[in-house]
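Given only the sequences and the hints, what does the whole structure look like? Please build it.
Spelled out from the first residue to the last, the chains are:
There are 2 protein chains.
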Amino acid sequence: MPTTITPRKVDFSQWYLDVIEAAELAEHSPVRGSMTIKPYGYAIWEQIQTVLDRQFKELGVENAYFPLLIPQTFLEKEAKHIEGFAPELAVVTHAGGEKLKENYVIRPTSETIIYDTFARWIRSYRDLPLLINQWCNVMRWELRPRLFLRTTEFLWQEGHTAHALPEEAREFALKIHQIYIKTYDEYLAIPAIYGRKSPAETFAGAVETYTVESMMQDGKALQACTSHYFGNNFARNFGVKFVNQNNQEEFAYTTSWGWSTRSIGGLVMSHGDDQGLVLPPKIAPIQVVILPVILNDSSKSLVLDFCQQVQQLLHTNNFRVKIDLKDERIGEKIFRWEKRGVPIRLEVGLKEIQMQTVVLSRRDNNTKITINLSELVTVVTSLLEEIQDNLRQRIITMNKNKTIEVDSWSEFVEAIETGNFVLAHWDGTEDTEVLIKEKTKATIRCIPFNLEPVPGKCVLTGKDSPQRVLFARAY
Amino acid sequence: MPTTITPRKVDFSQWYLDVIEAAELAEHSPVRGSMTIKPYGYAIWEQIQTVLDRQFKELGVENAYFPLLIPQTFLEKEAKHIEGFAPELAVVTHAGGEKLKENYVIRPTSETIIYDTFARWIRSYRDLPLLINQWCNVMRWELRPRLFLRTTEFLWQEGHTAHALPEEAREFALKIHQIYIKTYDEYLAIPAIYGRKSPAETFAGAVETYTVESMMQDGKALQACTSHYFGNNFARNFGVKFVNQNNQEEFAYTTSWGWSTRSIGGLVMSHGDDQGLVLPPKIAPIQVVILPVILNDSSKSLVLDFCQQVQQLLHTNNFRVKIDLKDERIGEKIFRWEKRGVPIRLEVGLKEIQMQTVVLSRRDNNTKITINLSELVTVVTSLLEEIQDNLRQRIITMNKNKTIEVDSWSEFVEAIETGNFVLAHWDGTEDTEVLIKEKTKATIRCIPFNLEPVPGKCVLTGKDSPQRVLFARAY
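Chains as they are written, first to last, in our numbering: chain H, 1 to 475; chain X, 1 to 475.
Since the hints were made in silico from the structure, they are not lab data. A quick note: this is a predicted structure, and the numbers were derived from the prediction, not measured. One or more hints might be untrue.
Given that identical chains are not distinguished, each listed pair holds provided it fits within a single copy or across any two copies.
Think about it this way: if two alpha-carbon atoms lie no more than 30 Å apart in a straight line, the pair counts; the simulated DSBU-like pairs of lysine-lysine are [to be verified]: (1) 351 <-> 457; (2) 441 <-> 282; (3) 463 <-> 333; (4) 77 <-> 400; (5) 282 <-> 101; (6) 402 <-> 439; (7) 400 <-> 441; (8) 333 <-> 441.
Shown next, in the form of structure tokens:
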């Protein structure tokens, strides 16, 4: 473990890796480009899973599980899809001690094998909508891996749905998009910019891609999750047909949508500070950590008993609470839980037992107060809400300060160079989009949904533009 | 979907596949030997996951995630381990458009990559015990796949722990063994035989393997889950060392333990009948299904409103309940939910609304009663308990009827041939074990823990035997 965390201003990239190491979230594995998610990192993922899974199920989505391996020929059925994924595939050529007759790829995403299955499951309009999700691992071979953000293997949920009507499918993709926005905003305390992807950034094989783009503290964008409306593109390639109410055969309209462990990287880069990770209470695996202050062996059991009493009190009030029982001095304990971003720390020693108090520290603003045990539940309840709100407000302020409207090319270049989200006019062509990327490394993150469309002139070509779009450099 | 389910007495193997299809649990996938777990099958898995995960966490086990791919050289570090798994490996030779310098295998189990990691994580006795679990997919290339029981890919949890003392590690493996026994008994209503594996059946690389062996309705055994104590075998091969309290370096003592989707196959073959699946209420994703009896359009909304009222009532009392809204006749609905093994069905039509009653059918014994709405919660509560207990008692009776003590070779052969669990003396040698398997296809399932060890003479060789062991044919 590093003794110090590189400050953000010195080297944001190194800071990110230092925080992940200091908070014990994940580490590189012996397999190039892949990572091991450590218990604390995985516990965050479990929190996210619980929140998302509940919302999916409320919409009637059912979980299922499809095979890891996909016949390579399946991917080739959708021309754009294979074009997009071919360079990233891991291929199984041998199994059971023999060379296989047909190569299998490890799923980079499961549209192809799932549509092949849907074609068997769907017969009539009565079978629709078919709303399926799976929680699984996927693999995309990455040449420049980065923990959580780009790794050869990652965990995610991928939802896949089929509908009888195009507008119903599109609406469903947008419903999920709303769940994603809300989950980032309300639970991860990351209010984000969201909208539709430009054609060049649209998912391989999709008609439209909806995205949530969060601003990291260095002003770069993180594509936080996406939802896709496929029209009947995939359905045609995989024969996903149904007999409609007029007894005619039609292709189904489909969607897919995914949220991955990348979101944990987003949490780090949104809320972290130079002391380490900072977690929003609603997603923190541990909301309150109790640190026993043990000065000598004779008082040890007294202090631990009191700690257990405090833990029990908070536990029965549905807080996620843990006592740190490690055989370490209090300074080391404080340091560890600060790095791990636990919202509230409680210090408890002999003095506190005598006074029936605890010393409470907030991770988000470092304030420290002494409170009576009788008020503990009330204070913790309101402070956790306050911390959640404080973290969210910081992001809102940052988003506001670092989102700039520009109308000239020189302003555009400067705004991008200095790490901002830039709202600028674009002539709608892929050529211009590519040219801007070549010149500035900025891409169109989205055509925002929550921005009044006012026409103007393209910031590069001066041609007509129906509305501003969001440009930024991205992870 | 088949219109009929083959009766168990006609063809037990076909019956098993018919029930899986009729209950919509899973199906074969286009990748040879692998399966797609359908929503209803996956929902059972989610129930099992919840029950196990809670118990692991109560023991202090933390979830984490390790890479899918393992360098092939890792497996070769433990001679018996690679010998055991080599024939079943799927190998990735190409990725990112290139031939890899080193081949990777898809994990058949994760001891090797996890111990490689533990060697970095563990420094001192303060880091022990290290209690880790992961929920994941694994792959073992199967030539004769069978849904849930043997598929190339399956889902499971694999726990891996490291301890400072050998007896502590062994005790931990036995604690998990107890959780497994209890979960099968109390939740899946499958009281089973359990004990230690004979050397020939011990896991590749383990010192001891503890197993839960359930009797299927055809008298064959299903190895339902196992826990392994490794001594420091793996620790030596992977350098998992720690500095003990006397400041000396030692190898750690490790365990691993797994429960897989195979357990769903066990549920089918334990409780199913000729009408389809029968689920124990404690593990059933849907405990009560409400079937609206809609005779005409005019009464439709009235019936559906009443159904929702009944659902709400049961839902607020924490039952897992669903209304079947499919546009089908009541006969079809009853048939579907019978095949899917839902413990209680409620039929609700105009007549029931007038009388403020519901018609309740039990899946386990086909009884049908009419009950007042006011008594619904009380009746459902006690009936679900009764059904759980009834299914469990049936297994106890079957276990008793089909477990036979024999003392001669001819009795042994006959008892095995007629589909029984056989308790017989064995001389303790692997030669005899192999010979018995060759002659009868029966293997030693376990050296039972819950059987008084009384000495005798080996059923095949007549040599001394310290205690009876359990023989059976197995899946």
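Here's how the hints hold up against the structure:
1. Taking the shortest Cα distances, residue 351 and residue 457 never come within 30 Å of each other, neither inside one copy (68 Å) nor across copies (69 Å).
2. Taking the closest pair of Cα atoms, residue 441 and residue 282 never come within 30 Å of each other, the shortest separation being 35 Å inside a single copy and 56 Å across copies.
3. For the identical chains of this complex, residue 463 and residue 333 are neighbours neither inside a copy (60 Å) nor across copies (61 Å), given an alpha-carbon limit of 30 Å.
4. In this assembly of identical chains, residue 77 and residue 400 lie within 30 Å of each other by CA distance neither inside one copy nor across copies; the values are 44 Å within and 56 Å between.
5. For the identical chains of this complex, residue 282 and residue 101 are neighbours neither inside a copy (50 Å) nor across copies (44 Å), given an alpha-carbon limit of 30 Å.
6. Proximity of residue 402 and residue 439 under a CA criterion of 30 Å is satisfied intra-copy only: 21 Å inside one chain copy versus 78 Å between copies.
7. In this assembly of identical chains, residue 400 and residue 441 lie within 30 Å of each other by CA distance solely inside one copy; the values are 22 Å within and 73 Å between copies.
8. For the homomeric pair residue 333 and residue 441, neither the shortest alpha-carbon distance inside one copy (43 Å) nor that between copies (58 Å) is at most 30 Å.
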